[in-house]
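> One line per chain: the protein sequences are A and B, in this order.
Number 441 marks the last residue of the first sequence (this note's numbering); no jumps.
Number 441 marks the last residue of the second sequence (this note's numbering); no jumps.
Simulated from the structure, these hints should not be mistaken for laboratory data.
Some clues are possibly wrong.
[As the list claims (entries may be wrong)] Heads up, simulated DSS-like pairs for lysine-lysine below, C-alpha to C-alpha not over 30 Å straight-line:
# : chain 1 : residue 1 : chain 2 : residue 2
1 : B       : LYS96     : A       : LYS293
2 : A       : LYS97     : B       : LYS293
3 : A       : LYS293    : A       : LYS319
All values reported here derive from a predicted model rather than from experimental measurement.
Here are the chains, one letter per residue:
There are 2 protein chains.
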Amino acid sequence: MAVAEFIPSSSLNKRTSLYSSQLSYVSTQISHQRRLSVRSLPRTNYSSQICCSVTSKEAQAPTVVQADDPKKKNECYGVFCLTYDLKAEEETGSWKKMISVAVSGAAGMIANHLLFKIASGEVFGPDQPIALRLLGSERSLQALEGVAMELEDSLYPLLREVNIGTDPYEVFQDAEWALLIGAKPRGPGMERAGLLDINGQIYAAQGKALNAVASPNVKVIVVGNPCNTNALICLKNAPNIPAKNFHALTRLDENRAKCQLALKAGVFYDKVSNVTIWGNHSTTQVPDFLNAKINGLSVKEVIKDTKWLEEEFTEKVQKRGGVLIQKWGRSSAASTAVSIVDAIRSLVTPTPEGDWFSTGVYTNGNPYGIAEDIVFSMPCRSKGDGDYELVKEVIFDDYLRSRIKKSEDELLAEKRCVAHLTGEGIAVCDLPGDTMLPGEM
Amino acid sequence: MAVAEFIPSSSLNKRTSLYSSQLSYVSTQISHQRRLSVRSLPRTNYSSQICCSVTSKEAQAPTVVQADDPKKKNECYGVFCLTYDLKAEEETGSWKKMISVAVSGAAGMIANHLLFKIASGEVFGPDQPIALRLLGSERSLQALEGVAMELEDSLYPLLREVNIGTDPYEVFQDAEWALLIGAKPRGPGMERAGLLDINGQIYAAQGKALNAVASPNVKVIVVGNPCNTNALICLKNAPNIPAKNFHALTRLDENRAKCQLALKAGVFYDKVSNVTIWGNHSTTQVPDFLNAKINGLSVKEVIKDTKWLEEEFTEKVQKRGGVLIQKWGRSSAASTAVSIVDAIRSLVTPTPEGDWFSTGVYTNGNPYGIAEDIVFSMPCRSKGDGDYELVKEVIFDDYLRSRIKKSEDELLAEKRCVAHLTGEGIAVCDLPGDTMLPGEM
Numbered sequence: 001m002a003v004a005e006f007i008p009s010s011s012l013n014k015r016t017s018l019y020s021s022q023l024s025y026v027s028t029q030i031s032h033q034r035r036l037s038v039r040s041l042p043r044t045n046y047s048s049q050i051c052c053s054v055t056s057k058e059a060q061a062p063t064v065v066q067a068d069d070p071k072k073k074n075e076c077y078g079v080f081c082l083t084y085d086l087k088a089e090e091e092t093g094s095w096k097k098m099i100s101v102a103v104s105g106a107a108g109m110i111a112n113h114l115l116f117k118i119a120s121g122e123v124f125g126p127d128q129p130i131a132l133r134l135l136g137s138e139r140s141l142q143a144l145e146g147v148a149m150e151l152e153d154s155l156y157p158l159l160r161e162v163n164i165g166t167d168p169y170e171v172f173q174d175a176e177w178a179l180l181i182g183a184k185p186r187g188p189g190m191e192r193a194g195l196l197d198i199n200g201q202i203y204a205a206q207g208k209a210l211n212a213v214a215s216p217n218v219k220v221i222v223v224g225n226p227c228n229t230n231a232l233i234c235l236k237n238a239p240n241i242p243a244k245n246f247h248a249l250t251r252l253d254e255n256r257a258k259c260q261l262a263l264k265a266g267v268f269y270d271k272v273s274n275v276t277i278w279g280n281h282s283t284t285q286v287p288d289f290l291n292a293k294i295n296g297l298s299v300k301e302v303i304k305d306t307k308w309l310e311e312e313f314t315e316k317v318q319k320r321g322g323v324l325i326q327k328w329g330r331s332s333a334a335s336t337a338v339s340i341v342d343a344i345r346s347l348v349t350p351t352p353e354g355d356w357f358s359t360g361v362y363t364n365g366n367p368y369g370i371a372e373d374i375v376f377s378m379p380c381r382s383k384g385d386g387d388y389e390l391v392k393e394v395i396f397d398d399y400l401r402s403r404i405k406k407s408e409d410e411l412l413a414e415k416r417c418v419a420h421l422t423g424e425g426i427a428v429c430d431l432p433g434d435t436m437l438p439g440e441m
Numbered sequence: 001m002a003v004a005e006f007i008p009s010s011s012l013n014k015r016t017s018l019y020s021s022q023l024s025y026v027s028t029q030i031s032h033q034r035r036l037s038v039r040s041l042p043r044t045n046y047s048s049q050i051c052c053s054v055t056s057k058e059a060q061a062p063t064v065v066q067a068d069d070p071k072k073k074n075e076c077y078g079v080f081c082l083t084y085d086l087k088a089e090e091e092t093g094s095w096k097k098m099i100s101v102a103v104s105g106a107a108g109m110i111a112n113h114l115l116f117k118i119a120s121g122e123v124f125g126p127d128q129p130i131a132l133r134l135l136g137s138e139r140s141l142q143a144l145e146g147v148a149m150e151l152e153d154s155l156y157p158l159l160r161e162v163n164i165g166t167d168p169y170e171v172f173q174d175a176e177w178a179l180l181i182g183a184k185p186r187g188p189g190m191e192r193a194g195l196l197d198i199n200g201q202i203y204a205a206q207g208k209a210l211n212a213v214a215s216p217n218v219k220v221i222v223v224g225n226p227c228n229t230n231a232l233i234c235l236k237n238a239p240n241i242p243a244k245n246f247h248a249l250t251r252l253d254e255n256r257a258k259c260q261l262a263l264k265a266g267v268f269y270d271k272v273s274n275v276t277i278w279g280n281h282s283t284t285q286v287p288d289f290l291n292a293k294i295n296g297l298s299v300k301e302v303i304k305d306t307k308w309l310e311e312e313f314t315e316k317v318q319k320r321g322g323v324l325i326q327k328w329g330r331s332s333a334a335s336t337a338v339s340i341v342d343a344i345r346s347l348v349t350p351t352p353e354g355d356w357f358s359t360g361v362y363t364n365g366n367p368y369g370i371a372e373d374i375v376f377s378m379p380c381r382s383k384g385d386g387d388y389e390l391v392k393e394v395i396f397d398d399y400l401r402s403r404i405k406k407s408e409d410e411l412l413a414e415k416r417c418v419a420h421l422t423g424e425g426i427a428v429c430d431l432p433g434d435t436m437l438p439g440e441m
């Protein structure tokens, strides 16, 4: 790795084959050792010019201009273009090896909460240096610069790199985590099928980009709606990345379900465990009270009101977003960001003994008899290594089975509707009515 | 404290004298032991009705209706009205005694970032249970409920109580920290004198309320502008609280100054230390490069460009907010919230050896020859006990002296302008031109 000394990693990222995952891997390792000097870049074949000032006059994002391939540029921002010696801190054993976290929709409100949590160490731990790679649209590029400026001004010691850009093939380079929040909101009168198509196209493109340039074991969390099918489209377009690595976020639903069970039982929410959201992040989702526990007891032993459990509980969980918009005047960006943090932490810290969490994952090999080849929220446990296994010790009754079936049917219908985006032929759309959750776009 | 068992603390808060700080103190202690039962409240003289559901139908904030004094109500929110046994967790030694943190302007964007940081444990530590007491205006009450709902859905284990309200005499009860963010924005054509008057009135009222009902050693951080003089007004109206406990937030300016010095020197921001913001949080503020250090060396040894230090540096720090609004389209809520976190953490964790932080504090007894009886940003160190001492080892030159003098003159003029709010006679306003920082309201 001696080659990396005094050579900007950005120039090393300029690959003869952009799609070589081997090279991508090398680049990840090298970037930890980079020591960019703003003033005295070595004039080698790989030389680059980096602008790092942040005055209003020099308003454009600082750009790495690469002599021999002007198209492939790597953008860094302000103070994050500067010299640092992270290697020394890694060698003392006080810090882990830096990881790259890519975030799409990075100029939006959810990301505005999430990025500062990631940079603070709250998500990956106080010894984990972070590189943030922020993806936005052309329209949001100025706002992305604003976000980068606020991250600069926050002086987070763990935040070592911030890159911003509009091309997923650049922004996703070497990403070990991809948090895909960006999605087009549903226009007036748009059907779910229309939304599936416009956002499906975005997620197909981002899947291809991840496949080409991200770390080969990147973990992907899809937040943009309709998130289950977006995640399916994304993984189908990224055949070199394990399908198991793709998640659709149902954690906010799980958190809301825990809160509602706590309220009904009259206990604090830390006493509620083993809550699963089954299925699609839509109104067909199934918050599972059959397997959930309160103070270690079955929910049905604690909450005797079966009518409430079967009829009101799910509705309360699902209407939460709508009530919130009504009160707060905007969607629940802060608690969505918290639930993304929870979803990541559940994968990077060992699951507490006896408990589990739920996340939308690929169904192949599932032990529940759920149709294969869709992304379905199911109960999982993790050793804290970024991976997970499905929980086997769950029970079903006819009520739970029938509701899971309905969500499964919906996801199979959504899948037929995006066949053109998953490489499986011609799309046929026979979706049921509008199943968007209230308060979501 | 046996009396507290099974008696709602809310009913104990109903005092014969609302202004007795002794009683206030008792109530704080009792509230740790409270075990509210939603369904079977004891029907004593102190009995109360508490509504805890959060459906859209029951849209109002749950209200404690007190039989014998309907005016004095204590509002809790949703799941935070429920049973918990914090005492048991305190007794095992795993958690500290709960503290109450009051926040004004709680429905605004800065608070929307800050509250989740406080609830997560990032500010006061992972073993510090928190009660949040949120103050809003009548107009923002619905939004406050939305904030409380999102806090519920975040399932933070340390967050044990959330109260919302519009009356500072209720919301500030027993507060050990008061983070005063709420302020009226400057209307079109309004002079600084006008802003001083309308916001000064708010801070006079809140000072009186803190004096009456907060913990006698409450720490107060004023964020609402013009924050130095607002803090002065607040402390003058709270004679029972030590004047030393009041702070005006200049930490965002300090963070921005560190970032700009890092950029200019071409080093990462963690190498910059001993930065002071002197004076008013306005364009007369003085970012001090004479005492600041980079990699342990005097800034002037590292940055030889004196013209940049004397002319451009301060401007870059001060124009940051304006550039940010231009790019991001709104003011810097996220990094302001981060700087409030930094300001609190600087008081509750020991200052690193040899370094310091700056905060706007009461000038009486200062060793720098700055006029007494104003709130002025100065360098401080803390043992981590919530208190601080002014740093003696600072040097001055004519340039620094003259600039500090200008900010001092401005604050003395602001003080004359609010004499009617500090109990010092008739206001005389002879303020210089507009010294609001760009990007602030």
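> Work down the list of hints and note, for each, if the structure agrees.
Outcome of the hint check:
no., hint, result
1, LYS96/B - LYS293/A, "27 Å, holds"
2, LYS97/A - LYS293/B, "28 Å, holds"
3, LYS293/A - LYS319/A, "22 Å, holds"
Comparing the model with each earlier hint shows no violations; every hint is respected.
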